[in-house]
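Novice: Chains as they are written, first to last, in the UniProt record's numbering: chain A, 1 to 274; chain B, 1 to 274; chain C, 1 to 274; chain D, 1 to 274; chain E, 1 to 274; chain F, 1 to 274.
Careful: at least some of the hints might be erroneous.
As the list makes no split between identical chains, a pair holds if one copy fits it or if it spans any two.
Lysine-lysine pairs mimicking DSSO-like chemistry, simulated, CA-CA at most 30 Å apart [to be verified]:
id	residue 1	residue 2
1	K16	K6
2	K5	K191
3	K5	K16
4	K196	K217
5	K13	K169
6	K6	K169
7	K169	K5
8	K217	K255
9	K13	K257
10	K191	K257
11	K196	K255
12	K5	K217
13	K169	K257
14	K217	K257
15	K217	K191
16	K6	K217
17	K6	K257
18	K196	K6
Rather than coming from a laboratory, the hints here were simulated on the basis of the structure. Treat the numbers as computed from the prediction; the structure is a model and nothing was measured.
Protein chains: 6
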Amino acid sequence: MFFHKKELQFHAKPDKPDPVYAKQLQEILGGQFGEISVAMQYLFQGWNTRENEKYKDLIMDTGTEELGHIEMIATMIARLLDRAPVNEQEKASKDPVIGAIMGGMNPQHVIVSGLGAVPKDSTGVPWNAGYIIASGNLLADFRANLNAESQGRLQVARLYEMTDDRGVKEMLSFLLARDTMHQNQWIAAIKELEEKEGVVAPASVPPEYEATEFSHKLYNFSEGAESATGSWASGTAPDGAQFEYEDMPVIYGEKPKLEPAPPYIHGTPPHDPK
Amino acid sequence: MFFHKKELQFHAKPDKPDPVYAKQLQEILGGQFGEISVAMQYLFQGWNTRENEKYKDLIMDTGTEELGHIEMIATMIARLLDRAPVNEQEKASKDPVIGAIMGGMNPQHVIVSGLGAVPKDSTGVPWNAGYIIASGNLLADFRANLNAESQGRLQVARLYEMTDDRGVKEMLSFLLARDTMHQNQWIAAIKELEEKEGVVAPASVPPEYEATEFSHKLYNFSEGAESATGSWASGTAPDGAQFEYEDMPVIYGEKPKLEPAPPYIHGTPPHDPK
Amino acid sequence: MFFHKKELQFHAKPDKPDPVYAKQLQEILGGQFGEISVAMQYLFQGWNTRENEKYKDLIMDTGTEELGHIEMIATMIARLLDRAPVNEQEKASKDPVIGAIMGGMNPQHVIVSGLGAVPKDSTGVPWNAGYIIASGNLLADFRANLNAESQGRLQVARLYEMTDDRGVKEMLSFLLARDTMHQNQWIAAIKELEEKEGVVAPASVPPEYEATEFSHKLYNFSEGAESATGSWASGTAPDGAQFEYEDMPVIYGEKPKLEPAPPYIHGTPPHDPK
Amino acid sequence: MFFHKKELQFHAKPDKPDPVYAKQLQEILGGQFGEISVAMQYLFQGWNTRENEKYKDLIMDTGTEELGHIEMIATMIARLLDRAPVNEQEKASKDPVIGAIMGGMNPQHVIVSGLGAVPKDSTGVPWNAGYIIASGNLLADFRANLNAESQGRLQVARLYEMTDDRGVKEMLSFLLARDTMHQNQWIAAIKELEEKEGVVAPASVPPEYEATEFSHKLYNFSEGAESATGSWASGTAPDGAQFEYEDMPVIYGEKPKLEPAPPYIHGTPPHDPK
Amino acid sequence: MFFHKKELQFHAKPDKPDPVYAKQLQEILGGQFGEISVAMQYLFQGWNTRENEKYKDLIMDTGTEELGHIEMIATMIARLLDRAPVNEQEKASKDPVIGAIMGGMNPQHVIVSGLGAVPKDSTGVPWNAGYIIASGNLLADFRANLNAESQGRLQVARLYEMTDDRGVKEMLSFLLARDTMHQNQWIAAIKELEEKEGVVAPASVPPEYEATEFSHKLYNFSEGAESATGSWASGTAPDGAQFEYEDMPVIYGEKPKLEPAPPYIHGTPPHDPK
Amino acid sequence: MFFHKKELQFHAKPDKPDPVYAKQLQEILGGQFGEISVAMQYLFQGWNTRENEKYKDLIMDTGTEELGHIEMIATMIARLLDRAPVNEQEKASKDPVIGAIMGGMNPQHVIVSGLGAVPKDSTGVPWNAGYIIASGNLLADFRANLNAESQGRLQVARLYEMTDDRGVKEMLSFLLARDTMHQNQWIAAIKELEEKEGVVAPASVPPEYEATEFSHKLYNFSEGAESATGSWASGTAPDGAQFEYEDMPVIYGEKPKLEPAPPYIHGTPPHDPK
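Chain A extracted, bound-state conformation (with noise of 0.2 Å):
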């Protein structure tokens, strides 16, 4: 069960309008790795964690933190949305700054939304539960969560190089921080985990159900040595068994040969010739 405090976690108040970049800003509140998708993401693996307590509140801690995010960055895009130029005296105007500035917002941002932000990405494509995770498998899951804060930090550090605007700075250099937060406690989640589990995932697979000989091996499959001189050619791989290199990759199976399909199927009989 959730409450709603009115308050934003941190501010979000823009120096001025800017709707090109109000339509960048979408990405990490709508895109594959914005706030919906850590929330959404964190949320559904609380809520689907089963016993493991401790897991489960940092998680539920997380999760309920990017709610909060999500608001922010709503709440920033409508102010770099206010006075967007869309009307037809802006564009008879053919000042080229202002058709620059038409042509580079979403156009949603005034058709469909009024001016507020969308649940969609930076190409205005909307966001969707493909892109999360939540398998019921912890150590696994960390995963997820230290690749989407690692994502979420670039795009906002890339983000932070693409304005000039000191109030939209400051909402992300908190956002940058948080992300370093959030980074480091997946990762010392992970670590405890390693160290009871083990670092291959999941660690309850027995050894009889996997052909173990193909366990560490590098194939080189694309012609060209680099790879052969890495830490995972040769040495001890991180659980403790030692990393081969194959110039050449044997091949194990066979050329398939697949049985005709009975007629009722109608697909194309067998033309070989005899």
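Please arrange chains B, C, D, E and F on chain A, whose structure you already have, making use of the hints.
Specialist: Frame of chain A, contents of chains B, C, D, E and F only:
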């Protein structure tokens, strides 16, 4: 540029057809963490890599291998679909076992692909490129890759439990092994990069961009203090700073008050009482 | 900013597991009119509201409640999935009841989420933000909300009929009640706005924008005159004007004739005989 | 069965080409509340209507008209694209006005459709059937229709403000008028059904299905009491019962505790300290 | 502008309900090559046709007919869903035949549409406009149309095999016939255009745009020479030139070396050893 | 199984960066008829081919080549993005040419991919597998392939017109040539199959399945008789029968009357007057 060899990398022959299992197996072909995802993710990462030939070659080795895994699983699915009970005679039999099979199959395996694999997940949702990432930052992307191989191996392990077909299990045992290798290799590559760059991605963000007073605080947004006892709430963080725990999150922002929209937006005019 | 309490708003405990019903229940979690839709729709409407604090607070009260409903249903689904028959022993049993269950389940409830809820509908389609609207015009949006609560309550009622599990029914009886409240509240709010603004949204369109001679005519485009007898075909319209019925719709336009495209478009050149 | 007449229902001729506006106009063709949405929504509602010929005929009259509106807008878009500046000479001119136009156009209007309309919204997202509803309950669906016509008219009004082309404005003035009619007709039809069935949809839910003690309470989940003063917080509700306001929402549920998953799910085993 | 007649173009009455088949039949209503696809594809092609009235009229004749086919199949689906076993009594019976039916149905046919057709495919994926094409080049588009009618007829043939209901088969026999006509007509129209324009689309590309030395070579990228024996590997090509076969594809490009990104992109800096 | 060579099949080097063109070029990488589509379509067709090794090898040759085309275009896009004007200094310049470039770029080329290609189309919509087909019937599928190569070549031709960069044009001239070859080869293969099987796909439908009296009639559903003069309206059809033209389409069906739904569906009860 790619070249194709007719042989499969590994055997892909079930002991007997099983069309319901064919539907389930689609998850690791065309699902969020299926083989199309890893192949496309790695290849786009490789094509977008600037310099760093050692990493690029590793990525291309692995991406090219994954193309071959799509092929193996597609072949297995086609064979699991051989002699699927689909025509009217079988339907007319009213045998509940047949009925359950027909109800449990993916109807597109008959109607659309004519007993072939489809580039879709286990519920029939088409694969889409919103699943993948190639960001230009290798530390961030290798974390995405480690996640993908963790989720992928987890899904293979579950599918292993769901069948007693030895031929299917043999192929899955190979995939488990390759996912073990790929987890190991991405962990090794991440470790290399973290040693060079630090653990927080992207490493290149100057400290003055970040509101560092918020970079190591865990906020208790979900009532209950279970998370306060974890390694992420106190002590030294992975990046070397000190974690802090805030039981009652401080509010740094204010209640947002948006300006009214201009009349040509046709929003709701202010109806608040004065 | 949001805070989370660990308790659910209402009980979410089935009498016994039922994995096929878990799949069906996904509709009101991640479907077009599921709880994710209403939560996100209301929150975005609230964040985009300019002035009008009374309405904004109502929207935020309701949106925040809906976050808790997502949580309730996700919890119920996880419990319905307990002990789902998924592994090979059960499969080998050839029991047609088990077979029907395995065929009728969502395979992702095992393979992807490990017995947890997914942010998808009852056929496995991921939730997407194309389902929701926050337009900046509250009369329009409250009509969207009334629709969402009407469709939502209809779906809950149908799901109520599809189970005999008392625990599930108890939760659904709570959801039916909340949807009754939400329909009532949006009707009341719509009435307030219609009294201030008039019934046609948006109220702010000046009459000179509109070709008002076409604003109250019902055109008989589908042969048969049953619709001519309704309250929408004659008499006073809700906005005070008079409805008219046109049995044979007049054509106001002309046959369109498009200009040929320039050669660099590589369209089909005119092949019409002169 | 449908028949087509070559004439458009109304004029669709701009005074001059405007490829940036063509992109914006796509919103009411292929967007969430564009003409494809209302046409398909009404037609599916009509085809699924069981008995109730009067309503069915009204739905089919309107759905068939909307097919003609798709045609009008598609024609307008094709004409707005005439002579769009797309080839290299224009590009080479370095005229910033031309540059802004080329940047603000939808590139698919050249590359994909060759100066024709596309079934997509103003950002290029393809229309999809997740936008529409045909539930089999007409009260619920007419509320969906009233919403669609309200959002649609709002979008047309905004597009009207964004151009000074008299030909475009003339077509939009017709669409504004038709949306006025359609709002009026659905309001009238809703009123008829509400008088027969009551205001809460679906009317057929027996009282014993519903936990009626929760059916009229407004819960204050978002801090602040502005919403307590509305017509939805006290007094008589539209369905005749009394509204109540709960300043501090009571918790009826409990902290959920999920059972551990069986080992073959490969989730995270319990790591909580005893 | 369109007009609707209440009668169906052809009978659409099954002998008896069959809700599992209703789900399967959705493929040719709302699937990739279902009736919505052909209707929308043809209508958009027609609206975008510039001059060429003869072809435009043919397209509009066919697109309008397809609207009537959507209606026929939607009606058939609604009738196949009559008396679907969905409520708790039936569920409680534990009859495995009933269980298989409930597992094999599309749950949205009850929960969402209330025993009506949905604009989705046989796995529940909503129809989307990414399936269709209207390019402004009629030779290209007629090839798309011939493909759509070929895939469509193939799917109808498979569905014909999957039922023993005479009413359903009667409707399918009509659809098979119409798809035969539509294949014939598009082949005839393609032939006309090829005679005027040549076989390579678009015909209007000047020879100096094309690196013609690569225009007739088959490259052996997949090991094995079976393809070398086909009519595409030697002899005269359809456009009059000579086919050639290259057993060992020549490499015309070079190993790509991308420039490093500027620091403000926050990509991975060069870590290659000097 | 696949192997990768580092060299590109052909040069992919622009004379100078052009980030707006990079966005446009995405269409033939990740659009409906881009290189991902043809690669995946051909590979899935090859993997699903049963017997018919000659055709299978041709398909695999071509699909493997297309993988290399994805790589070429991805490389070209990365280079077109070099030194894109994205950071604040440039923004602050208020140069309208820079403004138009920033407005006309895909913001994800900076924020998401860090100056790399994305698997999306020219408007940012992610590639999805709903674009492709592999049906098990080669005649049907080769028609899909001919369409894909026709649409693809058309799009390349348009992109050729939209640039004056010689490096880009050189790559496009190669792609035009390969699309010429691929159109030729699919036409040749179609001809082979049509000679063996007949022109109507699938050839295996027995005449008793089809209501052949409707198999050669053109119905005049769109007012106007222009289409009556075509080669599809009279004379011998491609399959050898005679075309017929029906000026006034006969109605073979009846007005559908659906049964009322059972009460537990909660649809609208019959309100028609007796």
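Novice: Now tell me, hint by hint, if it's right for this structure.
Specialist: Results of checking the hints against the structure:
For the identical chains of this complex, K16 and K6 are intra-copy neighbours only, at 23 Å inside a copy versus 40 Å across copies, given an alpha-carbon limit of 30 Å. For the identical chains of this complex, K5 and K191 are inter-copy neighbours only, at 28 Å across copies versus 34 Å inside a copy, given an alpha-carbon limit of 30 Å. Only within a single protomer do K5 and K16 lie at most 30 Å apart by alpha-carbon distance; the minimum there is 26 Å, versus 38 Å between protomers. Taking the shortest alpha-carbon separations for K196 and K217, both the intra-copy value of 25 Å and the inter-copy value of 25 Å come in at or below 30 Å.
Taking the closest pair of Cα atoms, K13 and K169 come within 30 Å of each other only inside a single copy of the chain (10 Å); across copies the shortest separation is 36 Å, beyond that limit. When the C-alpha separation of K6 and K169 is checked against a cutoff of 30 Å, the pair qualifies only within one copy, where the shortest distance is 23 Å, while the shortest distance between copies is 35 Å. Taking CA atoms no more than 30 Å apart as the test, K169 paired with K5 passes inside one copy only; the shortest distance there is 24 Å, against 33 Å between copies. Taking CA atoms no more than 30 Å apart as the test, K217 paired with K255 passes in both settings, with 23 Å inside one copy and 26 Å between copies.
Taking the shortest Cα distances, K13 and K257 sit within 30 Å of each other only across copies (10 Å), while inside one copy they are farther apart (64 Å). In this assembly of identical chains, the alpha carbons of K191 and K257 lie at most 30 Å apart only when taken from different copies (26 Å versus 46 Å within one copy). For the identical chains of this complex, K196 and K255 are inter-copy neighbours only, at 27 Å across copies versus 43 Å inside a copy, given an alpha-carbon limit of 30 Å. In this assembly of identical chains, K5 and K217 lie within 30 Å of each other by CA distance solely across copies; the values are 20 Å between and 54 Å within a copy.
Taking CA atoms no more than 30 Å apart as the test, K169 paired with K257 passes between copies only; the shortest distance there is 20 Å, against 60 Å inside one copy. Taking the closest pair of Cα atoms, K217 and K257 come within 30 Å of each other both inside a single copy (28 Å) and across two copies (28 Å). In the homo-oligomer, the alpha carbons of K217 and K191 lie at most 30 Å apart both inside one protomer (25 Å) and across protomers (19 Å), since each shortest distance falls under that limit. Taking the shortest alpha-carbon separations for K6 and K217, only the inter-copy value of 21 Å comes in at or below 30 Å, while the best intra-copy value is 55 Å.
In this assembly of identical chains, K6 and K257 lie within 30 Å of each other by CA distance solely across copies; the values are 10 Å between and 65 Å within a copy. Taking identical chains as interchangeable, the C-alpha atoms of K196 and K6 lie at most 30 Å apart only when they sit on different chains, with a minimum of 27 Å there against 41 Å within one chain.
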